[in-house]
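K.L.:
Each residue of the sequence shown is one higher than the one before, counting from 2 in the numbering used here.
I should point out that these hints are in silico values taken from the structure, not numbers from a laboratory.
Accuracy of the hints is not assured; some may be wrong.
[As the list claims (entries may be wrong)] Here are the simulated EDC-like pairs of lysine to aspartate or glutamate, each with C-alpha atoms no more than 16 Å apart in a straight line:
#1 Lys193 / Glu106
#2 Lys234 / Glu215
#3 Lys266 / Glu201
#4 Lys194 / Asp256
#5 Lys423 / Asp308
#6 Lys193 / Asp381
#7 Lys250 / Asp264
#8 Lys137 / Glu268
#9 Lys266 / Asp205
#10 Lys423 / Asp365
#11 Lys266 / Asp381
#12 Lys263 / Glu201
#13 Lys263 / Asp376
#14 Lys250 / Glu343
#15 Lys194 / Asp258
#16 Lys130 / Glu177
#17 Lys130 / Glu106
#18 Lys266 / Glu106
#19 Lys229 / Glu215
#20 Lys194 / Asp381
#21 Lys250 / Glu321
[To be verified] If you anchor each label on the Cβ, the simulated ranges turn out as follows:
#22 Leu110 / Gly327: 17 to 23 Å
#23 Arg101 / Gly78: 14 to 20 Å
#24 Thr262 / Lys423: 33 to 39 Å
#25 Asn121 / Asp376: 51 to 57 Å
#26 Lys193 / Thr112: 56 to 62 Å
#27 Thr290 / Gly111: 43 to 49 Å
All residues carry an ideal CB built from backbone N, CA and C; glycine is no exception.
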Amino acid sequence: GNSCDCKQLPWSKSKFNPFHFWMTEKGSAKPHPLDENEGAWIRREHEFSLPEHELMFAQANFPLSYPTQGLRVHPLGTILIPGETTGDICCQLGNLNRNRNVNVEAKGLGTNRLVLTSLNLQALNEQLKFITYTNKLYLPGVAERGNFHFITSTTEGGRRLSFHSCLCLSMRNISELVTVVTKTFLRYDDLKKLIASIREFYPDIHIIIADDSEPWQPITGWRIEHYKMPFAKGWFAGRNLAISQVTTKYLVWVDDDFIFTKDTKLEKLLTVLEDNMLDMVGGAVREATGFSRTYRHKLTISLEKEDGYCLQRQGGYYHELAGFPGCVLTDGVINFFLGRTESIRNVGFDPRHKRVAHTEFFIDGVGHLRVGSCDYVIVDHASKLHLKWFYSNSQKEYVKFRYLSNVIDSHTPNAQQVLFFKNRLKCYNMGSP
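Could you build all of it, start to finish, from the sequences and the hints given here?
P.N.:
Shown next, in the form of structure tokens:
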């Protein structure tokens, strides 16, 4: 049945939360999309399932029964360790604890090594059923290694095997490492201001522009690539095009109405990214009022009764980055970020989102992207305080398309259907980032 509901949390937007896209047409007799397409999801899960995802145990001739693979824990989350494990357990990326005490002596609760002792073997076996592991380092996709020890027998579990990847080495010059990428539509005046500000601080850095404007004005200059798209092709389609042309190891994404300043230090973002094994790190965008935004938010996806997922978006972050005051680990950031080109390409941007979309990219990146955010690397946002009766023709045309209601974007039923079916969602609780 369709019983999944996102709980109304204190930080949720009451206007939109929780919402279910199939409820947008009241009284509609249209079948529930999840029911209608369940067969497609079953086929997809079968196609992409791998033997290594199955939970397996090693049964030995000595008293060891331990999980060898298939255990999954949400970053910073907690799980029970299944199986009758052992009396001495160690881990590297988290802490061990118990959620029930059955009169067994325990040393090291809340640490990465837990030792259990008891004269009663039955009590010890019972206690081992209630051992929990809590991840303490937010590194999605990284495998944990656990040591299990009993009397004189020791083994390891939780390894992950993979092919070695070739390492791509690059020059350390920021202009050879990084490409600035943007998508523009009918805002050539803003775009030219952006380029001028980039050249003031980074005269040799590459700039790539995807443009679906009409009429089209060619933008030329030193190390500038300007790509023409079909008229009004769309926001995410343009991002895909621009990023597909990047040849440097890293890219910096900016909107076409941003302005570089002395506070736009790309080198600082690069240091944070490389020193913390991140895929991307966002900065802050400063409005004309002087207020800066980072748009940090966390995304949690949970399976509800095996017939769909509940997605929760909550403003905030997981924890600070040690040694980098003002920098944190999170799941989503603002539209000013530096990232690894290959990592961002691998996630990609769904071109069905034509006008308004942002969090959709980070939803696709959950479990794939390690995202950081620093509030001290800042880009300015051009003022939006324009009187309508002084709009130029291009500004009037831009506003008409930007807020068009009959295209797929984040606020139309069609876009919600795309998002919900693509991610097999039952509900999406949008908290304020």
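K.L.:
Now, for every hint given, state plainly whether the structure supports it.
P.N.:
Hints and how they fare:
With a C-alpha separation of about 69 Å, the suggested pairing of Lys193 with Glu106 is violated against the 16 Å cut-off. For the suggested pair Lys234 and Glu215, the alpha carbons sit about 11 Å apart, so the restraint of at most 16 Å is met. A distance of roughly 12 Å separates the Cα atoms of Lys266 and Glu201; the hinted pair therefore holds under the 16 Å criterion. Distance hint between Lys194 and Asp256 is fulfilled; the C-alpha atoms sit about 12 Å from each other, no more than 16 Å.
In summary, the hint linking Lys423 to Asp308 is supported, as the alpha carbons are separated by about 14 Å, within the 16 Å threshold. At roughly 14 Å between alpha-carbon atoms, Lys193 and Asp381 fall within 16 Å of each other, so this suggested pair holds. In summary, the hint linking Lys250 to Asp264 is not supported, as the alpha carbons are separated by about 23 Å, beyond the 16 Å threshold. Between the alpha carbons of Lys137 and Glu268 the distance comes to roughly 28 Å, so the proposed pair goes past 16 Å and is violated.
Pair hint Lys266 plus Asp205 holds up; C-alpha atoms about 15 Å apart against a cutoff of 16 Å. Straight-line distance between C-alpha atoms of Lys423 and Asp365 comes to about 9 Å, which keeps the hinted pair within the 16 Å bound. As the CA atoms of Lys266 and Asp381 are separated by approximately 12 Å, the hinted pair is consistent with the 16 Å bound. Under the criterion of a C-alpha separation no larger than 16 Å, the hint pairing Lys263 with Glu201 is consistent with the structure, at around 10 Å.
For the given pair, Lys263 sits about 14 Å from Asp376 by alpha-carbon distance, which is consistent with the 16 Å threshold. Distance check on the hinted pair: Lys250 and Glu343 sit about 8 Å apart at the alpha-carbon level, within 16 Å; holds. Note on Lys194 and Asp258: the hinted pairing holds, with a Cα-Cα distance of about 8 Å set against a maximum of 16 Å. For the given pair, Lys130 sits about 54 Å from Glu177 by alpha-carbon distance, which is inconsistent with the 16 Å threshold.
Restraint check for Lys130 and Glu106: satisfied, since their Cα atoms lie roughly 15 Å apart, inside the 16 Å limit. For the hint pairing Lys266 with Glu106, the CA-to-CA distance comes to about 54 Å; that exceeds 16 Å, so the pair is violated. Distance hint between Lys229 and Glu215 is fulfilled; the C-alpha atoms sit about 10 Å from each other, no more than 16 Å. Between Lys194 and Asp381, the direct Cα distance comes to roughly 11 Å. Compliance with the 16 Å bound is thereby established for this hinted pair.
With a CA separation close to 26 Å, the supplied pair Lys250 and Glu321 exceeds the 16 Å bound. Range check, Leu110 to Gly327: Cβ separation about 33 Å, and the 17 to 23 Å hint is violated. Look at Arg101 against Gly78: about 19 Å separates their beta carbons, and that is inside 14 to 20 Å. Here the CB-CB span from Thr262 to Lys423 is close to 38 Å, well matched to the stated 33 to 39 Å.
Between Asn121 and Asp376 the CB atoms are about 54 Å apart, so this pair conforms to the stated range of 51 to 57 Å. Checked against the hint of 56 to 62 Å, the C-beta distance between Lys193 and Thr112 comes to roughly 58 Å, which is consistent with it. Distance hint check for Thr290 and Gly111: the Cβ-Cβ separation is about 45 Å, which falls inside the suggested range of 43 to 49 Å.
In summary, the numbered hints that this structure violates are 1, 7, 8, 16, 18, 21 and 22.
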